[in-house]
Every structure is written in C-alpha cells, then in structure tokens.
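> Quick note, the sequences are listed as chains C and D, same order. So the first sequence is residues 16 to 340, counted in our numbering. So the second sequence is residues 2 to 669, counted in our numbering.
I should point out that these hints are in silico values taken from the structure, not numbers from a laboratory. No experiment lies behind these values; they were computed from the predicted model shown. Nothing false has been slipped in among the hints.
Below, a list of computed lysine-lysine pairs in the DSS-like style, where the Cα atoms sit at most 30 Å apart: (1) C:LYS108 with D:LYS492; (2) D:LYS491 with C:LYS109; (3) C:LYS108 with D:LYS551; (4) D:LYS193 with C:LYS170; (5) D:LYS477 with C:LYS170; (6) C:LYS279 with D:LYS76; (7) D:LYS457 with C:LYS109; (8) C:LYS108 with D:LYS494; (9) C:LYS292 with D:LYS345; (10) C:LYS57 with C:LYS20; (11) D:LYS457 with C:LYS322; (12) C:LYS24 with C:LYS89; (13) D:LYS39 with C:LYS279; (14) C:LYS109 with D:LYS551; (15) C:LYS170 with D:LYS246; (16) D:LYS492 with C:LYS109; (17) D:LYS494 with D:LYS457; (18) D:LYS326 with C:LYS292; (19) D:LYS38 with C:LYS279.
Computed list of chain D residues with no C-beta within reach of chain C, every gap over 12 Å: (20) GLU422; (21) GLU584; (22) ARG638.
We put the CB at the ideal spot given by N, CA and C, even for glycine.
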Amino acid sequence: MKKVKDINKEFSRLLENSHGNDLEALEIRYLGRKGVIHELTKMIPTLPLSERPRAGKELNELKVFIEEALQERKQTKETVASAKGPDFTAPGKKVARGHRHHLTLITEEMTHIFASLNFSVVEGPEVETEHYNFDALNIPQNHPARDLWDTFWLKTQDPLLLRTHTSPVQVRFMEKNEPPLRIVVPGRVFRYEASDATHSIQFYQLEGLFVDRNVSVAHFKSVMEVFFRKLFKGDFGGLRLRPTYFPFVEPGFEVYFYWKSRQKWLEIMGAGMVHPKVFEAAGFALGEWQGFAFGIGIDRVAMLKYKIPDVRLFYNGDLRVIEQF
Amino acid sequence: MLFSYNWLNTYLAYDISPEELAELLSAHAFSVDSVTKKDKDFILDIEVLPNRAHDCFSHQGIAREAGAILTWQGKRAQKKAEPLATKASADALLSLPFRSDALRIQEKSDAPLYYLASMDNVTVSQSPVWLSERLSAVGLDSINNLVDIANFIMLDIGQPLHVFDVSTLSFPVEVRHAHSGERIELIGGDVKEVTPQDIVIADAKQALAIAGIKGGKASAVHEKTTSIVIEAAFFEPTRIYRSSKHLGLATDAARRFSAGFAPELLPLALAKALRLIEEIAKGRNARIARAGTYAFFAPMPPVFASRKNIEQVLGVALGDTTIQKILAALDFEVSREPQEGIYKIIPPFWRRDITIPEDVIEEVGRLYGLENIPPQAPTVLLGTPHESEAMQWRIFIRNHFISQGFSEVYNYSIEGALGEEGKTKVMLANPISDKRSHLRSGLLQGLLSNVEVNQKFFERVAMVEIGNVFWQEGEKVRECEMIGALLFAKKDKDVFRELRGYVEDLLQAMGFDEEDYAFYERAKGLALEVEGKELGKLHVPSVPPSLKIKGYVAFFECDFASLIQEADEEREFEEPPKFPAIERDVSLYLPRHRKVGEVLNIIHEKGKELVEDTELFDMYEDQNASQTSLAFHIIYRSKEKTLTDEEVNNLHSTIERELKKRLGAEVR
Chain C
16 MKKVKDINKE FSRLLENSHG NDLEALEIRY LGRKGVIHEL TKMIPTLPLS ERPRAGKELN
76 ELKVFIEEAL QERKQTKETV ASAKGPDFTA PGKKVARGHR HHLTLITEEM THIFASLNFS
136 VVEGPEVETE HYNFDALNIP QNHPARDLWD TFWLKTQDPL LLRTHTSPVQ VRFMEKNEPP
196 LRIVVPGRVF RYEASDATHS IQFYQLEGLF VDRNVSVAHF KSVMEVFFRK LFKGDFGGLR
256 LRPTYFPFVE PGFEVYFYWK SRQKWLEIMG AGMVHPKVFE AAGFALGEWQ GFAFGIGIDR
316 VAMLKYKIPD VRLFYNGDLR VIEQF
Chain D
2 MLFSYNWLNT YLAYDISPEE LAELLSAHAF SVDSVTKKDK DFILDIEVLP NRAHDCFSHQ
62 GIAREAGAIL TWQGKRAQKK AEPLATKASA DALLSLPFRS DALRIQEKSD APLYYLASMD
122 NVTVSQSPVW LSERLSAVGL DSINNLVDIA NFIMLDIGQP LHVFDVSTLS FPVEVRHAHS
182 GERIELIGGD VKEVTPQDIV IADAKQALAI AGIKGGKASA VHEKTTSIVI EAAFFEPTRI
242 YRSSKHLGLA TDAARRFSAG FAPELLPLAL AKALRLIEEI AKGRNARIAR AGTYAFFAPM
302 PPVFASRKNI EQVLGVALGD TTIQKILAAL DFEVSREPQE GIYKIIPPFW RRDITIPEDV
362 IEEVGRLYGL ENIPPQAPTV LLGTPHESEA MQWRIFIRNH FISQGFSEVY NYSIEGALGE
422 EGKTKVMLAN PISDKRSHLR SGLLQGLLSN VEVNQKFFER VAMVEIGNVF WQEGEKVREC
482 EMIGALLFAK KDKDVFRELR GYVEDLLQAM GFDEEDYAFY ERAKGLALEV EGKELGKLHV
542 PSVPPSLKIK GYVAFFECDF ASLIQEADEE REFEEPPKFP AIERDVSLYL PRHRKVGEVL
602 NIIHEKGKEL VEDTELFDMY EDQNASQTSL AFHIIYRSKE KTLTDEEVNN LHSTIERELK
662 KRLGAEVR
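Only chain C is shown next, with the shape it has when bound in the complex (with noise of 0.2 Å):
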C-alpha cells in the first residue's frame, strides 16, 4: 500500500531525529494500543478480499521493521549507557611536587647566562680571614673605606669574620689561576645590620670577574647588557653607568637599569675595573693584565622579578611562600 511506504518514511525520519527519551514516545505512536499499526490492521477487514493478505503482510512487515529499529536503538543507547564510564570532568588528582627555594631558582638562572657568556661558576668559605676579605681588596684598617661593610667578626684568636661579600674568593682564584679568566662567585654573605624589610643579616651575591689582556669599560658594558637583556627579559629598557667608589676597582661604577614595567631606572649592581693593588695582592705583574668586577644582590633580583616585599620572607622557612615558585 502507498500508504505503507509513506509511514516507513516517516517514521524512519523521526526515528533518525530522535533523541533519548524520544524512543517511548515513537513506540507508542506507533506500536501503541492506539497507534498507527493499530490503525490501519483496522483498517484492512475494510478492504477488498484480494488485497488482504498482501496488506496485511506488507503491515506485518512494516511492524517488524519498527520494532526492530526501535530495539536497536535502544540497544545502543544501553551500551552507551553502560560504557559511560569515568566523569571526564572531575579536577585532577593532587600531586605533592617538592619545591626548589625562589632563591635557587634565580642564582641558577644567574649562573647560567654567565655559564653560556664562557663564565666559569667558583665558590668559596663563608668563614673568611681579614686579609681576603679587606686587605687584599685594598680595604685597609682603620680606613673609613671599611665602613662600607659592617661586618660581624668571630671571637677567635685569628681575626676571623663572616665575609662581607663574596669577592675574596675572586681573590682567591687569582692567585691559583692564570689570566684570561672569567668567574661568577654565588654565595652567602653578611651585613652586621638591623634586619627590616630591605636588609637582612644575611644575603645572597653574584660576584663576578673578568680577566684578560686589554679589557675595557666598553667591554664590561656589552657583557652586562647580554646579561640584564637575558635576565630581565622584555622589561629591559636599556643600562646607565654612574661613576662611585669601591676601593677595589677604579674606575667605579654604579650600574642602572631601565625596568619597563615600572618606568623607572633602579640600581642594581656596583662594578668597576679592578683596581692594580688588587692584582697585585694576587700576584699578577703590573700593567700586564686589565679586568672588570661586578657584584648583584641575588635577593634584590630575585624581589623584583618576583614581587617579593620582603627579604625576611626568604629565610623564614615558610613553605606557604617557597611552594609558590
């Protein structure tokens, strides 16, 4: 019948538009007490006797195809059902990751742009003796160049003190090395000075140094541009030299650099060329080699990259704040 192939069409479409709980609807309508089926099997006693058992094969058919197609559906929608599985949208498990100190993180990132600049990494006591913390950095006694540092000294017999800068073991190294040499000094350092947000007892330095024949400030200004551009990023605007004194360097310089981000120049290194009695003290003969040193506060970089208010925050042990970096 006509009519057959309409209702197939039909409901084939519905079927295929169908959603979810569409399915019981569509079953009702059509395989219901009072659905389509229904219907029209009342229908066929109203046709002629020849066309019958065709009609009511081609219904019967028709049925089956309905059911059956309803079946399937359902079928897969139970497995879907059954195969859902895990809630893809649950939060991650919590992992308990070990974190390494803020300060750690910056002297690492210090080092190693000094490391590809062909820098060698050198380490030294934090115990020092007068001589290669002073004296051998043309710092006499009793020369009011020595208040510079106030310095925390050991009640022993030698006159032992916390170093005040990591420089003597530049020192140091000059006097096993030959020139040319390039070395950063990291280490820990210590200020006889009331501990406020800006200062502390004790702190972190890069110290560096760099020997060979003819270097010059144009030279140190090239390196320390390479440095602060890889150090800073994009908020290096560019360095400033301003003349000072280090008894240990002359000339001396105060180096600014330019941060982007708060427009404004801040002091970040003291440097100079080395000064000839420091070479001397190591041993070096006159006139025959030229260097510049430079020393940073690894703190002081490190509270401006991070926004850290305050030095005290990074010996305090706080794992609230390490865990953080």
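Dock chain D against the given chain C, drawing on the hints supplied.
This is chain D only, laid out in the frame that chain C set:
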C-alpha cells in the same frame, strides 16, 4: 650630606638650576639623593664618595667639582661668581710673623701642623642674617657670631676650626695624648673619659678639647668673651678616625679630619676666618703661633699616564684634545713627555687621591660621561667553563629530594648559644642580639623552627636544606657543608622509616650499592657509614619544649663533601637475573625487646646469597602488648640455577626455626 644651592651658586660661573645641578653631579661625580625646596633656598642631599671626602665635604669643594664639569661641557650661559679660595688669599696670612713658644706638640706625627691665631677686641653677638641663613640651610643652629664663623668656614672650605676664649686658658697650649682616666666636659654638657690613644688640646691645668673632634665647655666662647684664639690644624687622619669611633663622636669636624684633606686648606680657612672675625666681630690684632712646617702650594707629585692606556681602558678613542681639555677643566696641569703619547699630570693641591694612572683614567671617564662610551663585545678565546663537581652533585641531591616531595629552605647561619653535644659553637665577637650570637653547628635548629611555623598550615612537612655549618676545633674554625632533610607529620608515626627510605633511595641514585653503605644504631636513631666512613646520622631529634611542635619528626644530616667524595658517577652494567625468583612470606610476633634488625640479620645469615631481597610490608607495635607483629616478603633467587620449591621451603623453614630459637619469635 646636605648642601645649600644658594651657597654653591655663589661660586658657580654658569647658569644652572638646582635640579640640573643635581643631575649633573649624579651623572659625573656623586649621586644626589634629593633636591628639596627650603624657604628661599634648595637643599641638595649629596652622597659624597669616600675617596672625595677630603676635598668635597665643603661647598667650595662641590662648587669646584661642578665647575669643572660645566667648564668641560661648555654650552651654558656664564655669570659672575665669587672666586674660590686660592693661594693668593692666604699669602697675607703666611707672611705674618709666627710665634712658636706658645705651643707644645708632644708628638709631631699626631699634629704635623698646628696654628693658633689670637685676636682681641672681639664682640660676641648674634650673627648677621646672611650667616645664620647659610647655617640653617644645612641644618645647623646659629650660636653666636664667633662659633658661627668657625662652622661656616668648615662647611665652606672644609677645614674645621675651633675658637677658644683666651681668658680661660694659659700658655703654652699643648697638643698631647690624654692621660689614662682623664675626663673632659664637652660643649653641650657631656662628660667623656678619654684614653691615651686620644689626643687632647690642653694647658697646664686641664684638657681643653678633644683634638679634631669636639671642644670643651670650660674654654668655649660666650657673650662676655673679648679675646680669642682660633685653632686651625692638620691632625693625623687615622688617629682622629679611631678616636671618634671608640668615643662614639662622629662630629662634622671628626669626619673631615678622618678624610685627610689638603694641608693647604689650613691657611685658606684661617685667612678667611680672620677676615670675617674682623668684619663681623670687630676682632683686631691678629697674631699667629704655629708648630710644624709645610711647603704649602708646592707642586703635587706627578702622575704619568699614556693616551693609549686611557683610551684602551675606557674603550673609546678620545683623542689628545679631548683628554687634555678634560684634565684642564679639572685644573690638572698637563704636559707632554718626550715619549710619544705620555702625559705628565700634576694634580691640583686639593686632590690627594690622584696617585696612579687609573685615577686619571677615572677622571677622564667620568667627565667624558660613562654613558658616552659605546658598548663593545669582547673577543675571547673559546674554552670550556670550569665545572665544579661539588656544584653538580649539589644540584643532583637537591633535585632528588625535590622530586620526592621535599621543599627547599634556607635558614640563618647565625643562631643562639644552644648547641649540640660534641660540638663547640663558634661565638661572635659582636653578636647582634641574644638570639643571634653564635654560628650554627648543624641544620636541625633551623629546620625545627621551620616546622613550628609550617605546622599551622600543613599536616605534613618535608624540607631539605643544603648549607654550611661551623664549629670550633681547638683554635681553628671548621666550616662544613651539610645536607639536611626533615620529615614531620602530625599523625603519621612512620616518618622515621619513610625518611630512611628516601635516604637509601638517594644513596642508590648516587650510585651506591647496598654493600657500600650501612646504618648503625646510635642514640635515638642511626649513624650512616658510606664506604666505611661515618658521615651522617638519621634520628628522631629531641624537640625543645619551647618549640611547641605537635607531631612526629625524623631528621637526616650528612656531610656533603665527604659523601660526594665516595660517590661514583659512572654506572656499571649488571646482567639481569637469569633464573626466576620464588617469594615467601614470613609473619611473626616478635618479643618487644627484640629489634627488626635482628630478624633481618638472621634471615640474611641463614639465607646468604639466596636471599635476594626482603621487604617489611607490615609492622604493628602496640604500646601495651608484649609483642610486635611483623610481616616480611622474602625473595629467594639463585644466580646459578632455578631453585626448587622444596629447596626454598627447606630454607624458609630453617629461617623460621632460627627466628623462633634465637629471638623467641612466634611465627604465624
């Protein structure tokens, strides 16, 4: 140090605003921290560098420095300026007749030059407005015309002067070392006890002033004073520095004497002082007594520098003209030596810091402008940076703990006096407080204080610190780098075993096999021996009750340098086992007084090389029970053949029997 712009400006021959002046000095001489408006003046806070204290702790000094920079730069409108004090202004003074019998200098080296100028007919009164204004600009109070003149000269020229009331003293005036226990009442009322290392100005009766530092009350001028003597001296800088330090008197005068200014300032200052006292206080009849001689204004020793050297160190080809122009602006006398390119440079009398060619290079560089030197990449010979093995191991060990969930901390090297047994803590000669008086001899205290902080926020705390500790060994101080790891848990009792697990894991990661290290019972824990050397400990520390730590703590500390010395980075291949293993479990009740270590000893003793591994997978200790419940996996394997079930069963039974027999264990 504070400077008055108006005061400086009287000496400046160029038009320049206070802000521009600050910028100029900051770029080429000294950092100017601030420019503050004050009434009709501007106050510059200038950070005079320590090596220029000798010539720039004065307005004339700063003005001269600014003038040199401005002369070199040119380009500015010029104006009238008051001349700086020069040789000419001192000529009259130096040609006056001198007395020497009025003075006695005990030790010439303490006071190489000592001048006393007397004047009578003085009227002590309020200072004229211009003078009190000058002083108040830089924060000094006006006292009276005489004291103010002395202070003015000091701030103007840089030579401190002191005025005495002649009626209060008798001649000869002596410059001597103080007697032991000698006391002097200073202006302002303070009484100071001086020592033989300090110099005093004295007469036969008493000390009148602490030389170079502060005057005494008894001889100070007052409203009724009519005759005075003015002291202008050059004292030995180191002696004044030391005295001012130990007496705790960092006065304006002391600071200047400590810097060691040019002796020429003496006659310049004294001449101007006499002139002002005559003008303002009506003083008459100037007569000078002096001790010590000096060739004032004689040429300074020359410094030789080559153009090539100057250009090479700065890294810029300046040229002859530029260099000479800069040096001339600074009043450096330059002449060319017979050798090509060598300059003979004679610094002016006020510069005592120009002694080597590098000093000249600095002068040229800073006036030329460090910002004007273009950067240039250096050429170096390619080499490999020296890599310290210690640093690499430190990174390895640190990262190993981090990967196991430990976070890294940094603690203070300076602690209190509380130490540990067997180690004498190093004491500080100048402790900063009671809590910061000694160097740490171990990492434990710092880590425990970290636990106290962190237990408020975490159930479990795992920390690692690698740092230096110190202790006294006889006369020597030992410095040693240590690895410290601490595990804390509020509720988990098993922290000791856990930490031991991490430590063993570290040792194995470093390449140590199980035969290479051993733990021995010691105090409340274990000592660690690696390759036969005891270099660490693992224990449950006693926590001082003051720390209020609530939970279980385990601590590991180890000598870093010794450990890495034994470590071998290169691994060696070991063939995987050829034959299969058979696993058996043994569960037992162990009498409480027996130790797990004893069980393991018996297992290994009986099993020998056939016991490949054991694992304690269950342990239950009941405080009240008389037994500990233990359960082990034992993994049996032979390197030579496949073991049969029967062989393993026999061995396992033997082991169980031994445990029963020797330890009284009850096998379940």
